[in-house]
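Build out the structure end to end from the sequences listed, making use of the hints.
Chain by chain, the residues run as shown.
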Amino acid sequence: MNPFTYTRAADPQQATQATAANASAKFLAGGTNLIDLMKMGVERPTQLVDLNRLPLAQIEELPNGGGVRIGALARNSDVAEHALIVQRYPVLSQALLAGASPQLRNLATTGGNLLQRTRCYYFYDPAFPQCNKRQPGSGCGALNGFNRIHAILGQSEQCIATNPSDMNVALAALDAVVQVQGAKGTRSIAFADFHRLPENTPNIDTNLQADELITAVDLPALPFATRSHYLKVRDRASYAFALVSVAAALDIQNGKINAARVALGGVAHKPWRAQKAEAALVGKTADEKTFRAAAEAELAAAKGYKHNSFKIELAKRAIVRALRTVAQMT
Amino acid sequence: MFAQKISETAGASAPASTAKLPLRLKINGKDVAVEVDTRTTLLDFLREDLHLTGSKKGCDHGQCGACTVLVNGRRINSCLSLAIVHDGEEVTTIEGLANGEQLHPVQAAFVEHDGFQCGYCTPGQICSAVACIKEGHVKSDDEIREWMSGNLCRCGAYPNIVDAIKDAAAKSA
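The listed protein sequences derive, respectively, from chains X and W.
The working numbering puts the first residue of the first sequence at -11, with every later residue one more than the last.
The working numbering puts the first residue of the second sequence at 6, with every later residue one more than the last.
Treat the hints with care, as some may be off.
[As the list claims (entries may be wrong)] 20 Å max Cα-Cα, derived EDC-like pairs, lysine to aspartate or glutamate:
hint, chain 1, residue 1, chain 2, residue 2
1, W, K35, W, D92
2, X, K244, X, D199
3, W, K139, W, E95
4, X, K14, X, E276
5, W, K144, X, E69
6, W, K62, X, D24
7, X, K14, W, D42
8, W, K25, W, D42
9, W, K31, W, E95
10, X, K277, X, D239
11, W, K176, W, D92
12, W, K31, W, E94
13, X, K27, W, D65
14, X, K277, X, E301
15, X, K244, X, D275
16, W, K139, X, D66
17, X, K27, W, D147
18, X, K291, X, E187
19, X, K27, W, E53
20, W, K139, X, E69
21, W, K31, W, E100
22, X, K294, X, E145
23, X, K27, W, D49
24, W, K25, W, D36
25, W, K171, W, E117
26, X, K264, X, E284
Don't read these hints as lab results, they were simulated from the structure.
What follows is the structure, encoded as structure tokens:
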């Protein structure tokens, strides 16, 4: 691991001043991804700004009806088992509990999870010469390499990596809002605008600016999210990243779908909000035929590679199964 | 808190040398005050600096759980956490569970149910199991399996590990 200066931020302003002054400084929260990447030599910060003592771990109701604010330092384990989350947003609780292991969830934070980096083998191991995300302009090793875990939606010829987070998929479905604080002040980022598609700059994962610190994630009120579900399909029953995952919520009245939220994980460079599927669901009868049509609509634009084309049909079936599960909830 | 204040270092270029900072911890009930290279993980600190070699380095990437210890009573992967981050906290390792010669109930249950073969993953399994029982995630075999999934056992002692945890949980209830 490269040497670095270690500092503890006394408040968010101090933290952002440090990263504004040093472009190769990094914030340290749970560290479950950053420390690992530093061991691999993928990340080589000259300064770590430890955020762990900042008072940003609360989970509380938002004023004006029904929403919840999750502090950026709230640990994944605490969010998953918090009564407000379990009762109002079961899809988020389920997504968090489907991720990693209890030990990792005790360290991992909400803000850190948002910034989790891809597990693409070609990114994660600098022994591979090609990775546009790690080394812009070097090419994409996965494009013609082993690409079983890679993207089928929204990818570019520059990068076919996927976002590995489960939490992010649920937050996409819930239309979360990311609260950030920078050297110049605070701002709110709609979840759909937080993560990026790779296009020609896959080295940039998110629209967060270098000095900006995530302070909280807000969940707007969504009464029908009590009827929601997270389905994760993976190579073993637990403790593995998703091949495909689905976060789904349905508002069903008298058998008809009034509103729908669907997001996919494991298929794209960002948590994939399935707006085409949602549009195909609204106003229809909540049945198998409707669910399959919605899945077909979303995956119509999907493109597979040598080893991951199976994900296209897998994603369709996962969408149908997740929607069926939600529809059968009483 | 002994870490350098941000205001003293902001704007300065990073030093090329390794940095040591003071670290105070309570480990298995004993106070420890040392200087530590900031790059040292909690696992390396326990094993190399304090010679508490019970916690094992399996994968060193948070994928196997052999390094599991309790920090302020919660289980974590000590390989993915810097020691310096835990300044002022309480760490319990496998060496700190027994009461003198009397095994911790979870240790005794692992012996009774033969919950290991080679033993390399066992310190992590037992620390994880102690937390799993305290968390209350032991209501069924399936729940134990899911909440112990962060601890791999390449000898495949899983059925006996589940039996040991179930037994220890029942006795502690």
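For this session: Could you tell me which of the hints above the structure violates, numbers in ascending order?
Result: 2, 4, 11 and 17
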